[in-house]
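A.B. asks: Here the protein sequences come in this chain order: A and S. With the first letter of the first sequence counted as 1, position 17 gets the number 17 in the working numbering; the numbers rise by one all the way through. With the first letter of the second sequence counted as 1, position 34 gets the number 34 in the working numbering; the numbers rise by one all the way through.
Treat the hints with care, as some may be off.
Pair ranges (Cβ atoms, derived) [as the list claims (entries may be wrong)]:
| no. | chain 1 | residue 1 | chain 2 | residue 2 | range |
| --- | --- | --- | --- | --- | --- |
| 1 | S | Lys86 | A | Glu257 | 26 to 36 Å |
| 2 | A | Ala377 | S | Met58 | 13 to 23 Å |
| 3 | S | Lys2 | A | Glu6 | 36 to 46 Å |
| 4 | A | Ser223 | S | Arg21 | 25 to 35 Å |
| 5 | S | Asn33 | A | Glu263 | 44 to 54 Å |
| 6 | S | Gly28 | A | Val210 | 10 to 20 Å |
| 7 | A | Glu34 | S | Glu99 | 37 to 47 Å |
| 8 | A | Lys275 | S | Lys14 | 47 to 57 Å |
| 9 | S | Gly28 | A | Glu211 | 19 to 29 Å |
| 10 | A | Lys14 | S | Lys86 | 29 to 39 Å |
| 11 | A | Glu60 | S | Gly28 | 17 to 27 Å |
| 12 | A | Thr193 | S | Glu99 | 30 to 40 Å |
In case anyone wonders, no lab produced these hints; they're calculated from the structure. Because the structure is a prediction, the values reported are computed rather than measured. Yeah, the Cβ is synthetic: ideal placement off N, Cα and C, and Gly gets one too.
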Amino acid sequence: MDLTPEEQEMLDGKFGKAAKKSMEILTTLGEIFEADSMVKVYGVQVAGVSYANLGEAGLEFLNELAEDGKVRVLTTLNPAGMDRENWQALGIDADFVKNQNRVIDAFAKMGIITTCSCTPYLIGNTPHYGEHIAWAESSAVCYANSVIGARTNREGGPSALASAITGKTPNYGYHKDSNRHGEILFKIKTNVTGTDQFGVLGKLIGNKLVEIGKKVPYIAGISDASVEELKAFCASIATYGGVALFHMERITPEWNEYSKPNESSVEISKEDMLKARSELIDDFSEIDFVSIGCPHATINEIATIATLLRGKKVKKEFWITTARPTKKLADNAGYSKIIEDAGAKFAADTCCVVAPIKERFKGMMVDSAKACYYGRAKNNFKVRIGNLEECVEEAIK
Amino acid sequence: MKLLGRKIYKGMVKAEALVTREGISFYGGVDPNTGKIVEVGHELEGQSITGKVLVFPMGKGSTVGSYTMYRMMKNKTAPAAIVNEKIDTVIAVGCIISEIPCIDKIDIKKIRSNDLVAVNGTEGYITIDKKT
């Protein structure tokens, strides 16, 4: 691999221990994946923030890096295990909060912006078309590559951090034109609308891709998709299919950039959608938890929830998970007051996937196919998917 | 017997091999406190990987696995070295941050559990003393 003089000096330790370790990680990955050089990144999204996953050793690793490590580019964090301001109301244990804050402090020491969100692209970590980035968080990776047209591989916590400290990433995979074309055509033969249905479609296509061993779908037949719907679709197709990039005809920016895949195509019918949807509805009636915002809710979604909740009272635990800056927008717009007066709770900085809420609830209703997956796998909840309106209705029922 | 592979992380170590034909997920599949494989139904379930030359085809599972490997190094429950057929990102990064010698592109069918294996991660080869 060709390194610039500065990159070589980082590897040799002239920029300190953290930069040396970081460059070791990146050059090793570069050699494994046959990158010819490093590319500069505009920004980084770091995952591996929850103390539950890192433990004391992970924290020790971060503290060692933070001794002399400083990020060189705009870097934001994935959700943490709790709302950093409102954790008591959400029933999070004080010891957990203490440890989680030690993790966040280590990141802050390195110069990372400690807004903890899975939607960095909504809160200012926003690359432009064609720009190189190094992101962890599978749903955001998929959104950045597909919807924005930026370029990133699916990074893990340490490799993303290494890119933050060096400002570089090895040039392979989705950074290169040659790996960004659609591999298989999906023809959608039914109308798809709503975050829930886009999530169902993501699951359907994701499962199919795993079955046939392909990674980059080209999707035709969707006439219209909002930011919220695309966000839900990205989260789902990344969860169920490990997908980092898709093209959607006349919707995503690179749809016409490469030749359309001409080998066998897969058709998605209304019946396929109904069957996939039924797989996200457990045979269980007792919903005691409703959660919106996987990935983190946009200000637009919060406005809709406020409209639906005005003057109502929720009868079940109802969380709206979002990024702190989005929550502040909602405060200023008066949405937060309406929502909190109705008894619903904001859970900023965190989400129903990473918060330590295993077995705290029996049945969870969500509009997110990704939340269904993790609700079952990580938290032992029964799940039910519905659209945003149905979720709010369930909460006030 | 000497087998040439590709160096992933430097270091030289000699230890008993523990071999599996199945993938290993360090996150969720290995207990970093005991060093034992805990994935239900895994052919090594219940066996300790601590201090072994751990031989398996390829890593699988969550990227958090790299941090699990680091926890094992700190807990002194980590394997002595890792030999893969095909390296994946999680294992590679885990070896780098935990300083575990590692090589890949080795035909692992030639190694049996309990063979004494010397791993040279600096130059990228292993030598095998067959168990007698």
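A.B. asks: Now look at each hint and say whether the structure bears it out.
C.D. replies: Status of each hint after checking the structure:
Evaluation of the 26 to 36 Å hint for S:Lys86 and A:Glu257 yields a pass: the beta carbon distance comes to about 30 Å. Taking the beta carbon of each, A:Ala377 and S:Met58 are about 22 Å apart, inside 13 to 23 Å as hinted. In this structure, S:Lys2 and A:Glu6 meet the distance hint of 36 to 46 Å, their C-beta atoms being roughly 38 Å apart. Our hint of 25 to 35 Å for A:Ser223 and S:Arg21 is violated, since their Cβ atoms are close to 48 Å apart.
Range check, S:Asn33 to A:Glu263: Cβ separation about 48 Å, and the 44 to 54 Å hint holds. For S:Gly28 paired with A:Val210, a C-beta distance near 19 Å keeps the hint of 10 to 20 Å intact. For A:Glu34 and S:Glu99, the hinted distance range of 37 to 47 Å is not satisfied, since their beta carbons lie about 24 Å from each other. About 55 Å separates the C-beta atoms of A:Lys275 and S:Lys14, a value consistent with the hinted range of 47 to 57 Å.
Range check, S:Gly28 to A:Glu211: about 23 Å between beta-carbon atoms, so the 19 to 29 Å window is met. A hinted range of 29 to 39 Å for the beta carbons of A:Lys14 and S:Lys86 is consistent with their spacing of about 34 Å. A beta carbon spacing of about 21 Å between A:Glu60 and S:Gly28 agrees with the range 17 to 27 Å that was offered as a hint. Between A:Thr193 and S:Glu99, the C-beta spacing of about 52 Å breaks the proposed range 30 to 40 Å.
The structure shown violates the earlier hints numbered 4, 7 and 12.
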